[in-house]
Amino acid sequence: MSTPADLAGRGVLVTRPAGQAEPLCRLIESAGGRAIRFPTIAIEPTHDPEATALLGESWDLMYFVSPNAVEQALALVADAGWPRVERVAAVGRGTARALTAAGRAPDLVPNDRYESEALLEMPELSDMRGRRVLIVRGEGGRALFAQTMTERGAEVRFAEVYRRVRPSVDVAPLLARWREEVDFVMATSDEVLLNLAELLGQEGRARLLATPLVVIAERTAQTARDLGFQTIRVAERADDESIVRALIAFS
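Heads up: the sequence shown begins at 3 in the numbering used here, then just goes up one per residue.
Don't read these hints as lab results, they were simulated from the structure.
Where hints are given, some of them may not hold.
Stated by the list, open to error - Simulated restraints, written as ranges between beta carbons of each label pair: (1) P51 / L110: 20 to 30 Å; (2) R209 / P85: 45 to 55 Å; (3) M124 / D8: 31 to 41 Å; (4) E243 / T102: 13 to 23 Å.
The beta-carbon is built from N, C-alpha and C at its ideal position, and this holds for glycine as well.
Using the sequences and the accompanying hints, generate a full structural model.
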């Protein structure tokens, strides 16, 4: 049986924050699908004066963990070219595009997997003795990159420039039309997925877990298995095109 060339009218629940969902929604619609916008995370600035101060210092490496980190950091600095930073690193293409558009293309971006693990495999980061590293992230981000940099001899600080919050939404209209309209769900992080499960509650749990799910990392696939999802596919990469290809592959 051949793989369909498009989504053939199927509905995809897009769970990204509202300000970041449109490029993926357009791709889904271009592929013949229906994008159902249902953000499960909202982004808010932290207004942390320490983060602002750290962004103005000199660093050997500044690592941006997401497009959100770029957007929120840019609101706090006068020069988006980061003239006091020797190297800028981005976790993936979306983050790299945001940095480039702001005026400083990143020096380090993983070529394949868009996650901290892939960045840590790059030879430029193998010896960090005496280096100063700033990780620009949201509150309570993953610890892996910081731990590894410390083990390799770096001084590591965090500029936590945003926080992720779970929106308050009425899920009743979505649940009422779930079986007729929602054919697939996508989630780009553990938090996005867990928030979705919390928002839908016990009433929506069975419907959610029976719906095919696309994620962008194996760790999120494991979180989905722990929740009880029946059908999970990990996109080849974290970019929007790979997410749509993974959705099409379900058909």
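These are the hints, each one checked on the structure:
no. : hint                    : result
1   : P51 / L110: 20 to 30 Å  : holds (28 Å)
2   : R209 / P85: 45 to 55 Å  : holds (52 Å)
3   : M124 / D8: 31 to 41 Å   : holds (36 Å)
4   : E243 / T102: 13 to 23 Å : holds (18 Å)
Violated hints are absent here; each numbered hint is respected by the structure.
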